[in-house]
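Chemist: Can you build the whole structure from these sequences, using the hints too?
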Amino acid sequence: MNRAIVASVCLVALAIAAIGYYVLPRTAAEDAAVASVNGEPVAMATLERAMRGQRAAVIEYFRKKGLATVDKRFWHTRFGGEAPIDVLKNRALQAVVKERVELALAKSIGLIADTSDEDLMREKAEENERRAKAVRNGEPIYGPAKLDTGMFMAYYFSNLTIRLKDKLAQTKLAATDEQLRSYYDSIKELRFKREDTLDFALVSVSYLGEDGSGASGKKRQAQEALTAIRERIVRDEDLDAAVADIRKEYPDLEAVVARRTFSPDNARTYARYEPALFQALTSQPADRPVSEAIDESSNGSLAVFRVLDRREGGYDRFEDRAENVRNLYIDQAFEAYVDALVREADVQIDEERYAKATIE
Numbered sequence: 001m002n003r004a005i006v007a008s009v010c011l012v013a014l015a016i017a018a019i020g021y022y023v024l025p026r027t028a029a030e031d032a033a034v035a036s037v038n039g040e041p042v043a044m045a046t047l048e049r050a051m052r053g054q055r056a057a058v059i060e061y062f063r064k065k066g067l068a069t070v071d072k073r074f075w076h077t078r079f080g081g082e083a084p085i086d087v088l089k090n091r092a093l094q095a096v097v098k099e100r101v102e103l104a105l106a107k108s109i110g111l112i113a114d115t116s117d118e119d120l121m122r123e124k125a126e127e128n129e130r131r132a133k134a135v136r137n138g139e140p141i142y143g144p145a146k147l148d149t150g151m152f153m154a155y156y157f158s159n160l161t162i163r164l165k166d167k168l169a170q171t172k173l174a175a176t177d178e179q180l181r182s183y184y185d186s187i188k189e190l191r192f193k194r195e196d197t198l199d200f201a202l203v204s205v206s207y208l209g210e211d212g213s214g215a216s217g218k219k220r221q222a223q224e225a226l227t228a229i230r231e232r233i234v235r236d237e238d239l240d241a242a243v244a245d246i247r248k249e250y251p252d253l254e255a256v257v258a259r260r261t262f263s264p265d266n267a268r269t270y271a272r273y274e275p276a277l278f279q280a281l282t283s284q285p286a287d288r289p290v291s292e293a294i295d296e297s298s299n300g301s302l303a304v305f306r307v308l309d310r311r312e313g314g315y316d317r318f319e320d321r322a323e324n325v326r327n328l329y330i331d332q333a334f335e336a337y338v339d340a341l342v343r344e345a346d347v348q349i350d351e352e353r354y355a356k357a358t359i360e
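In this text, residue positions in the sequence shown follow full-length UniProt numbering: the first is 1, and each later residue adds one.
By construction, these hints were calculated from the structure, which means they are not laboratory data. For glycine and all other residues, C-beta sits at the position ideal for the given N, C-alpha and C. What you were told as hints is all true, and nothing was included just to trick you.
With a straight-line cut-off of 25 Å between C-alpha atoms, the simulated DSS-like cross-links for lysine-lysine are:
#1 K107 - K167
#2 K107 - K172
#3 K167 - K98
#4 K98 - K172
#5 K107 - K165
#6 K165 - K188
#7 K248 - K219
#8 K98 - K165
#9 K248 - K218
#10 K356 - K72
#11 K133 - K146
#12 K356 - K98
Estimated spans, in silico, between C-beta atoms of each pair:
#13 D240 - E312: 26 to 34 Å
#14 K107 - A57: 24 to 32 Å
#15 Q170 - K72: 47 to 55 Å
#16 Q170 - D339: 14 to 22 Å
#17 D320 - K72: 55 to 63 Å
#18 R52 - R268: 35 to 43 Å
#19 K107 - R288: 51 to 59 Å
#20 Q223 - Q179: 46 to 54 Å
Modeler: This is the structure in structure tokens:
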């Protein structure tokens, strides 16, 4: 899947956050500059639409802190020293600054000729005409047949970011083989580590009733039985003997012992059919051979395992993942480069007009 298609597929998700972000100013008040970025004016309409784009995230920010109830007074009430309206304006302005910086960067390296709202709306009209023509000719398009302003801006900036990365990867962000190998070493634990191979003994106790449902009241008994088994396994007692004793104590329960192997070759099968066990196997510390209790709801059983042998999985080789490493390197280098430009940007705010910005 090429980069242009990736950008188009991402269109719908990106559009939700971007709807209403940029439109041409409609009134003198909306047209008035509330700020400037490196000398380029930011209209009130642009800031307020950015505020609407950040609205949900700011509400969630205060909800997570447990400080706020969203009502008519919410935006102008201070919670823990912060007023939501101030947080909203700041986030919106930062978003606008980043967009303006990216536009200016694209212009400076010859990707676009203009950075004005008028030019962006001309691009929108051309894109919608292209889509309409494709529909008339029975050709495939990605996303809706006609883009509103928010959808277009999401589509436009997604594609612009890809073009910026491709261009800068050949110039300012060009990476040497040595740099890529060093970056690979810094991320291989997170990105390229192969699963260890584990030989393990698994004890599972079913809590399903005869009808195959889990509503039989057996789960409490299964929990008691598994706890007793785990305690004996932790003490390094014989596993089969421990299970045999539990079967006698809980004759109505089905306790099964299985010797199994987990490896990179069958990891996907575990992840698909036994997700709880997969999570436990991949997160089990190397210095702890016995797992905690696992509730595998996919088959209605509680389980515990003991690792019998562990063989390190190693890492995917740099040579096999070089293109992926390069893309990841460019992604982080681009973000760092743009962030630096944002920090260095000359942002001037008309405080009087800025104070009047609202989403109400």
